[in-house]
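Put together the whole structure using the sequences plus the hints.
Chains as they are written, first to last, in the numbering used here: chain A, 3 to 118; chain B, 11 to 307.
Bear in mind the hints are in silico, worked out from the structure with no lab data behind them.
It cannot be assumed that every hint is accurate.
From chain B, some residues computed to sit far from chain A (all C-beta separations above 10 Å) [what the hints assert, rightly or not]:
{"id": "1", "residue": "V17"}
{"id": "2", "residue": "F27"}
{"id": "3", "residue": "E91"}
{"id": "4", "residue": "D126"}
{"id": "5", "residue": "L127"}
{"id": "6", "residue": "W258"}
{"id": "7", "residue": "L261"}
{"id": "8", "residue": "A293"}
Per the computed footprint, the stretches of chain A lying under chain B, defined by three or more beta-carbons under 8 Å from a beta-carbon of chain B, are [claimed, not checked]:
{"id": "9", "segment": "31–40"}
{"id": "10", "segment": "56–69"}
{"id": "11", "segment": "98–105"}
{"id": "12", "segment": "112–118"}
Keep in mind that this is a model prediction, so the values were computed, not measured.
All C-beta atoms, glycine included, are put in the ideal place defined by N, C-alpha and C.
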Amino acid sequence: MLSVDPRSATPPFEQLRLQLLQQVRSGQLVAGTKLPTVRRLAQDLALAPNTVARTYRELEAASVIETRGRNGTFVRASAGAAEHDAQVAAKAFADRIHQLGIPRETALALVAAALA
Amino acid sequence: MDTADVVLIALVVLAAFVMFSISFREDYQARLARKLAERSGLAPTAEQLPLLQEKIGRRQRGAVVGALVAGVAAWLLTFDEATSDRLLILAGALAAGGGAGIALTALRNASRRPSDLPVFARSTSVTLADYSAPSDRFLAWGLVALAIIGCGVASFLTTAPLSPLLVGLTVAAVAALVFFEISARRIVALGQPAGSVTELVFNDALRAGYVFDLLVAPITLGTYATLIALSTIVASLGEPVVDAFRPWAPLALLALIVACSFLSVRADSRRHYLRRLWPDIAARGDGRLAVISEETK
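Set out below in structure tokens:
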């Protein structure tokens, strides 16, 4: 989830950039995830399209995301292949845990036990 | 125009008037909002409720106006057809017009938020597949395909030209399916400025509802066209086949309706968007209405 507060001292462009960066680094957005289009995200966050475009450009320059022509903008697989595979597996595990309705603590305990 | 025409048009207009008027009533809107909340498993906050009710009321008015215009136009344009055919056309026109009205309402009333409040948005791209269950779309595509195949087989088996009703309903079913695919994608592509995560969930719920309602027209028209094509094929095979088929036809129709209802309930397609976009809310599934925090996602 992204949130932009127009009353914040941090410019909207920076708020957006930091949140996307944090979500990619934490694995919430795994490599290959498709991001909303510039126009769509600008509409959703009530921002000017140029603000979102600038955020995407900065993140692309930092090799966090990549634009694949008309296919859209994706989270870049900048991490190693093993880390990427682990991210995908973790996301699949988390989705399944949500589906099964298992509490977060139980799920984390299961992972810890499996890794031990 | 005979008395039956006048009575039927008067009944349709009266029903539309009642549905249109009632959509302004707050208690009625609140009831519909409660139903939506129960289906989503979320409780709207006191600030969200008026906006949600307003959107629900607008959606109903769009459906009523669309259905009324299409229904009356279809009835007036089919004077030369048999009454049973006209009723079938009327039912199809009501479904198609209702869908068109809902689509126009959704596209014309995109959400706007004041620019000085915090806004929330999801960080991933969404597609039509997030809002429309595969089983629902499969049903619509399947029925329209069956209607086209039925038309082809019927024209192959009969020497006489196909009935204009069968051709018209098949063309209308294809048009309704194309309309669904285009307008549903446009609705999904609209921006969703939301002041909270809960508002975004309800926006998704409404959006999934619009998409579901748009599928009613191709399913209805496809079913009618398929049934007429089937009866044309059976009739073309001669009297003994018709006699053998006749006692089983109502049972087959009943079995088809029961099977579709069972599959629909089993697939739980109305909560498909929750499973795709809000898996943590969908996973709860304990019937409790929950107020979610902004940290949920």
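| said: Check the structure against each numbered hint from earlier and tell me which ones fail, lowest number first. | reply: 4, 5, 8, 10 and 12
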